[in-house]
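Start from chain B and add chains U, V and G according to the hints.
Protein chains in written order, with numbering that gives the first Met the number 0: chain B, 0 to 212; chain U, 0 to 226; chain V, 0 to 72; chain G, 0 to 258.
Source of the hints: derived by calculation from the structure; they are not laboratory data. As the structure is a computational prediction, the values presented were derived from the model and not from experiment. Where is the CB? At the ideal position from N, CA and C, for every residue including glycine. There may be inaccurate statements among the hints.
As the list claims (entries may be wrong) - Example chain V residues on the side facing chain G (calculated, C-beta under 8 Å, incomplete): (1) Met0; (2) Phe2; (3) Met11; (4) Ser20; (5) Ala21; (6) Val24; (7) Asn39.
As the list claims (entries may be wrong) - Rough simulated footprint, nothing fancy, chain U against chain B, three-plus residues with beta-carbon under 8 Å: (8) 43-54; (9) 85-99.
Claimed, not checked - Residues from chain G shown here face chain B by an in silico Cβ test under 7 Å; the list is partial: (10) Ser155; (11) Val156; (12) Asp157.
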Amino acid sequence: MSQSPLLSVENLAFERDDSCLFDAIDLTVNGGDILQIEGANGSGKTTLLRLLTGALQPSAGSINYLGCNIADCRYDYFANMLYIGHQPAVKLNLTAEENLRWMVANAAQSNQISISDALTEVGLAGYSDIPCYTLSAGQHRRVALARLLISEARLWYLDEPFTAIDKQGVQLLHSCLQQHVSRGGLVVLSTHQDLALNNVRKYNLLARTEHIA
Amino acid sequence: MARQMNSGFSAWLRRDLLLAYRRRGEVASPVLFFVMVSTLIPLGLTPESARLAEVAAGMIWVIALLATLLSVDGLFASDYQDGSLEQMLLTPQLLPLPVLGKITAHWLTTGLPLTLVSPLLGLMLSLPGAGYIPLICSLALGTACLSFLGAVGAALTVSLRKGGLLLTLLVMPLYMPVVIFGTATVNYAIDGFNWLPPLAILGALFAAAVALCPLAVAGALRVTASN
Amino acid sequence: MYFNNLEQLMLMGGHGPYVWSAFAVTIAALVWLVLAPIINHRALLKDVARDLQREQARQASTRSQPDISEESI
Amino acid sequence: MKVFSNWQWFHRLGSPRWFYQTTGRWLPWLSVATLLVLIIGLVWGLAYAPADAKQGNSFRIIYIHVPASFLALAGYYIMAIAGAVGLIWRMKLSFMVMKAAAPIGAVLTFIALFTGAVWGKPTWGTYWVWDARITSMLILLFLYAGVMSLQYAYHSVDAASKAGAILALVGTVNIPIIYKSVDWWYTLHQPATIKLTSAPSMHPDMFQPLLVMILGFYLFYALVLILNTRSEILRRERKTGWVRELAQSKSGFDARAGD
Chain B
0 MSQSPLLSVE NLAFERDDSC LFDAIDLTVN GGDILQIEGA NGSGKTTLLR LLTGALQPSA
60 GSINYLGCNI ADCRYDYFAN MLYIGHQPAV KLNLTAEENL RWMVANAAQS NQISISDALT
120 EVGLAGYSDI PCYTLSAGQH RRVALARLLI SEARLWYLDE PFTAIDKQGV QLLHSCLQQH
180 VSRGGLVVLS THQDLALNNV RKYNLLARTE HIA
Chain U
0 MARQMNSGFS AWLRRDLLLA YRRRGEVASP VLFFVMVSTL IPLGLTPESA RLAEVAAGMI
60 WVIALLATLL SVDGLFASDY QDGSLEQMLL TPQLLPLPVL GKITAHWLTT GLPLTLVSPL
120 LGLMLSLPGA GYIPLICSLA LGTACLSFLG AVGAALTVSL RKGGLLLTLL VMPLYMPVVI
180 FGTATVNYAI DGFNWLPPLA ILGALFAAAV ALCPLAVAGA LRVTASN
Chain V
0 MYFNNLEQLM LMGGHGPYVW SAFAVTIAAL VWLVLAPIIN HRALLKDVAR DLQREQARQA
60 STRSQPDISE ESI
Chain G
0 MKVFSNWQWF HRLGSPRWFY QTTGRWLPWL SVATLLVLII GLVWGLAYAP ADAKQGNSFR
60 IIYIHVPASF LALAGYYIMA IAGAVGLIWR MKLSFMVMKA AAPIGAVLTF IALFTGAVWG
120 KPTWGTYWVW DARITSMLIL LFLYAGVMSL QYAYHSVDAA SKAGAILALV GTVNIPIIYK
180 SVDWWYTLHQ PATIKLTSAP SMHPDMFQPL LVMILGFYLF YALVLILNTR SEILRRERKT
240 GWVRELAQSK SGFDARAGD
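With the rest of the complex left out, here is chain B (with noise of 0.2 Å):
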């Protein structure tokens, strides 16, 4: 593995509109690791992970992808970063194909697998060719989580992702998420349910404490 790690974070801080959210925040994430963020409504998890994204810019502390903070490697990191929010960002007019071909072209990550295997793989074989207005709300996320398959990011962030996905969409995503992290990936996600996977390292946001579950 290179000298340093993947992402680290280091005493990072963000504070909206003079009321701090967090500050000293330090974190160092590998290639294989899956933290899981948690803490209250409003503790700011969804900040968090968007300034890990970069939409955000810290008030202070750095963020820094292989040893080099992301703004100056900006095209390096997203290039290889893929993070999903709470809205599955698919466009109800366009077909599950169209979204997912306008989402890689826009990642310009070079796919693993076709968008048409990716989404037979996440089970929505028969709908791939029909607008999205037809599809469901778990559906529509079942079109973010085809993403996965075919990205190649090394950085995935999910923010959330089990919300309104059935029992079989909850696997479908376990083992993607373990794939990708035997592959060296990294995962950093939100979200209160509790993870199937072993050694999944836990951070509680508001006390700053880690530890594995």
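Just chains U, V and G now, kept in the frame of chain B:
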């Protein structure tokens, strides 16, 4: 590297054109607005063609501006609601590239149809014969400027609930030079002068808009991420 | 002085009303521009002082119970 | 719960507290100087300057119209620069200066418009005339209104400041274009009659009061900008320790009386 650089631009351009194609009916709404408001002019002013001819150029231009202004509001709104704006902020390419793609798509779906319909309105408002070619040229360039400037206003107000009216207030002062030179191009032609100089200035405004507006839009979109 | 007496100064050869109304409105606007922040400034200080009194009163009344700070994030 | 009111790293360069205290010391001198210069200028312009040959005494309105127009335009640039500094160095103080500068500029633009309109009546017979300068001043008023209303539309104060700063910068790039295009449009439709506010080669006795008034308006702008920024600092920093101490000392209420 180059393939990736323009993939941001072409990805978003293709996606927006596909979206517009899926809802073809919606492309007609700015054009319908354009034609309907133009029929108000004779009702409001006078049916007499001589007097209409005087105001035709200015009216067509102002109504085209209003039509663009109405449609620019939705440029980022739907992306903001369904989360794809967040994904746009995270593209490896520089943010102005996808923004450029989106604005080009917006011009192709609103500015171009308005330009193509404008001769019809010239007929309705008895625009003198010399004015048609300059009208089309100035509208083609002008609506592009309006799309770029309107995108800045749209990006600044996308995360606000009632951003529509505020967008008009922000963008109207920026539209004024475009209207001045656009209308002057047509009036110069009607009065028999050489109408290329005002058109050249309009081209200069367009060049400045293409260069600077995507940067302002990119900056504004980053602000909405933190609202 | 350009005008021989005060009365001519007021009339200003017929342009008096325009000149004086313009100056009156301008001076009024300038005075308001100065007063508004001063009033605002004082009101803010009084408001903060009242916050302090409210906090002290609250702490005094809840000395026996555990201190529940109202500033939970 | 740790109260985060007084950690130091929050105040980077140009801490609002430092600004508040230093400008506090300048205020008495600045207000006296402003008052003095303005009074001299007004009395000089109104009573002692000779009347204009063509326009008679109504030309005296120039002594408030021209300074107000200068300051309205300069105020926009000052606001935009404060916004730019805030965006580049992410300095809260300069965002506060920007937020304070917007209403001042808007009022000065209104003064310029109002005095221009009143001046138009005796010279051209109508209150509103589409003169190039007045039209550009009207557009400047819209630009100010845009920046102010955008800032009040956002919930989060930081986003509001950044959005306002971006709009101010876009406006700054457009102001020369707007002024030139309105001038061009005006000469297109109107043969070059006298421009309302072009300072013709004025007689020195008329010109000197104008310079004094312009100086007076600049001092006035500095004074009001400082006043507005200070009250903006108090509003944004009301939770911090130094504001609370200030409030206590000002209100004379002794904190320990409650024990």
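Hints the structure violates: just list their numbers, smallest first. none
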